[in-house]
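Protein chains: 2
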Amino acid sequence: MKILGRPGTVSGLMMRTGQFGFAAASISAMLSSGDTSKFTAFSYLVASMGFQVLYSFALACLDAYALKKNRDLQNPVSVSFFAIGDWVTSMLSLAAACSSAGIIVLYLHDFELCNRSHLPCLMYEISVIFAFIAWGLLFMSFQVMLWILASFSNNPHL
Amino acid sequence: MKILGRPGTVSGLMMRTGQFGFAAASISAMLSSGDTSKFTAFSYLVASMGFQVLYSFALACLDAYALKKNRDLQNPVSVSFFAIGDWVTSMLSLAAACSSAGIIVLYLHDFELCNRSHLPCLMYEISVIFAFIAWGLLFMSFQVMLWILASFSNNPHL
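Taken in sequence, the protein lines are chains F and H. Under UniProt numbering, the first sequence has 88 at position 88, and the numbering climbs by one with no breaks. Under UniProt numbering, the second sequence has 38 at position 38, and the numbering climbs by one with no breaks.
Here chain F stands alone, though its shape is the one from the complex (with noise of 0.2 Å):
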């Protein structure tokens, strides 16, 4: 069965290309609000998206690659690695989103300090909407991989 998001194809570097373009956006957001520092969550949603922007990115290059020079990635070892590099990308960047999300929540919602104090609590709501996006699709990719993956070894005879 042939499925959007493969390695070495249009739609394959469409999302690579979109993973890196909302984790950029995601950093910018956050690292324009200010100090991030002091909160660790918020650090480490910056330090996770860039992990995702340069992976993301270095991925997009190689499907650019493969379609100009019309070459397949679509062989087994590649697909694994690709999936492994998903999956820990894709776990560290939920993680990321979901932890600066609790602190927002918690900011916003139970403490009421974004009415109260100066915190730009706007720009942290833009930086982990960005984060969200950005992770669904590369989680859309992990299981794209995951899907290949598993017709590979369903399939002895490719």
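Incorrect hints may have been included.
Unchecked claim - Derived lysine-lysine pairs resembling DSSO-like cross-links, with alpha carbons at most 27 Å apart:
id: 1; chain 1: F; residue 1: Lys2; chain 2: F; residue 2: Lys68
id: 2; chain 1: F; residue 1: Lys38; chain 2: H; residue 2: Lys38
id: 3; chain 1: H; residue 1: Lys69; chain 2: H; residue 2: Lys2
id: 4; chain 1: F; residue 1: Lys2; chain 2: H; residue 2: Lys2
id: 5; chain 1: H; residue 1: Lys2; chain 2: H; residue 2: Lys68
id: 6; chain 1: F; residue 1: Lys69; chain 2: F; residue 2: Lys2
Hints listed in this document are in silico derivations from the structure and should not be mistaken for laboratory results.
Using the hints provided, position chain H relative to the given structure of chain F.
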């Protein structure tokens, strides 16, 4: 390829038992820490783990029934249902565990409130650790379901 944790097998039943066991332990630890209603993230953790207890317990019963009656649960329709259920539940659990972990890190490390106040930080930590283990087991089940599902779609003669 036969992998561990398939529905209707002893390993599948053990994985489901572990899932609801750790989820229940996480709820007990959180509730024994006292009033959690002032923290949205902790209330959400209890709700999400409660959902996982119900879900995993129902599937453990189904596995036990299939084992006793020697029924085969590995058909495309039921595996699709298990995969969707596992996916939704595991995302809810991970989001809950990460957002609670974010708050614990904020309290323990960033503001060092745990030493100065009488917050039951240790019980919060134990609860979150159990939640992460419960999520890990559920995520393994989800990957097994996805693997079986992919093998169905790639073996049309099955």
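For each hint, the structure was consulted:
{"no.": "1", "hint": "Lys2/F <-> Lys68/F", "result": "holds (20 Å)"}
{"no.": "2", "hint": "Lys38/F <-> Lys38/H", "result": "holds (23 Å)"}
{"no.": "3", "hint": "Lys69/H <-> Lys2/H", "result": "holds (21 Å)"}
{"no.": "4", "hint": "Lys2/F <-> Lys2/H", "result": "holds (24 Å)"}
{"no.": "5", "hint": "Lys2/H <-> Lys68/H", "result": "holds (20 Å)"}
{"no.": "6", "hint": "Lys69/F <-> Lys2/F", "result": "holds (21 Å)"}
Hint check: no violations occur; every hint is consistent with the structure.
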